[in-house]
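> So you can see what is in the structure, the chains are spelled out below.
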Amino acid sequence: MSDRDRLGLQVDRIRCDGAGLCAELLPELISLDDWGYPILAPDAVPGHLRPLARQAVDACPVLALRLVPRPAPVEAS
Amino acid sequence: MSGSAPLARLLAGPPLAAGAESFTAHQARLGPLPAIDGAVLISVLESSGLTGRGGAGFPVGRKWRTVAHAAGDWPVVLVNGAEGEPLSAKDRALMVTRPHLVLDGALLAAEAVGAGQIVLYVGEAHAAARAAIGRAVLERGPRVSRRVRLVAAPDRYVAGEESAAVHFIDTGDARPTAVPPRPFERGIGGRPTLVQNVESLAHVALIARYGDGWYRGAGSSGAPGTALVSTSGRDGRTTVHEIEFGETIGSVAGRLGTMADGIQAVLVGGYFGGWIDGRSAGSMPLEPAGLRQAGASFGCGVLSFLGREACGVQAAAQVMAYMAAESAAQCGPCVFGLRAVADATARLAAGVAQADDLAHLERWTGQIRGRGACRHPDGAVNHLASAMRVFGDEFARHQARRGCTADGREVRAS
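Sequence order for the protein chains is E and X. Converting from the first sequence to our numbering requires adding 132 to each position, the first position being numbered 1. Every letter in the second sequence is one number past the one before it in our numbering, and letter 291, counting from 1, is 274.
Just chain E, same shape as in the assembly (with noise of 0.2 Å):
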């Protein structure tokens, strides 16, 4: 998988709130705090897992979360 071919999950976190299906579909890189809002896991998506990643982000209700290219984008402030 070459460089520009890498995805990342991401999440608004000002529009999700916390339906949690995304970690149903995608237990393996998205676990809920003990609030029932996604923790996901910091690593690009390994392709076997894609499909299940696009189908989080399909069922997602608010449709807060979103499949990005890898490295995310740099930190300022």
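Just so you know, these hints were derived from the structure itself, not from any lab. Among the hints, erroneous ones may be present.
Looking from chain E toward chain X, a few residues come up when the C-beta cut is under 8 Å (computed) [stated by the list, open to error]:
1) 146
2) 156
3) 166
4) 167
5) 190
Sample of chain E residues at the chain X side, in silico, Cβ under 10 Å [said to hold, decoys possible]:
6) 138
7) 148
8) 171
9) 175
10) 186
Yeah, the Cβ is synthetic: ideal placement off N, Cα and C, and Gly gets one too.
Add chain X to chain E, keeping to what the hints say.
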């Protein structure tokens, strides 16, 4: 440094009690605003090592360069004087006494990044600061005043966060927005926006006149220059001082006299900062890198001294209650996480801990960090983590409901 009078740069000039220095007096003392090419000034700022003083400490020159080169519309300069941090008073002290230093810096920033408009964003609770800087704008005449807008920042902790500031100026809603895009990419009205704290701009006003070498002539090699700090202690009074980076906490405490003895711990960096044990605080230099290593941060320059008679768990509980209440109530981990943290800390402080409160705090600190749109939840749990480290024995006693050992007294839960 000890023994000699502290170095004054931002706070040099007429007595601070005299109030705002007039434009005439400011020009007579420092000369006119230097005509310096924007690209040259950005290079000078980069080599000066000046860092932002709003809390994040990002290098000023690098930020200006990014905005100056941003694609798209004319940029905007947002002068951040919201100062929502409860323990900080230095930004409004600067605006009240040296408003023209701040305006000089803002005008230099506008010139350097190619901005037309300047927005002064000043806390609505800071009436004297808004009045002083508003008068200073009028003193500059119409060529300046017509490019400047004065906006009152809502009296909320997160209102000074840069994306919240941009959001408020555009829509009247002072809640942070999801980033990216960050304000330097897309800010006010969709334009690239330079958000800079008032103190950072005041330093620029002097660096533009005297140069980067002059700026580096104070402070330490790792952290050049001077900084304003807000100190507070048992008497509840907050005072503002100018320090050189590298000056020890003990030296600052010495300036305050009464606070030098009996320090249990020092909160450095404000509610977003961390606690340092009183035994090591005295020799701890005020320098961003060293403070980070010690689990604190220089942040916006807050030093709050906790006496030995006080309880660290209660101090932490007070801050957690505040941080939970000041959540912008947008992101689940911040809304529910900080509420849970505040409740557990309050039970511990009151001597009515539930069985797993302390274990939960350890777990939640890790769970919440990095999971908000802005860094409000991170600031809160970093503060808590430092409190649990510095006041670890006290937290354990409170968890075991064995009372409170502050100052050797047994304080029973009420």
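> Hint compliance check: list the failing hint numbers for this structure, sorted ascending.
2, 5, 6, 9, 10
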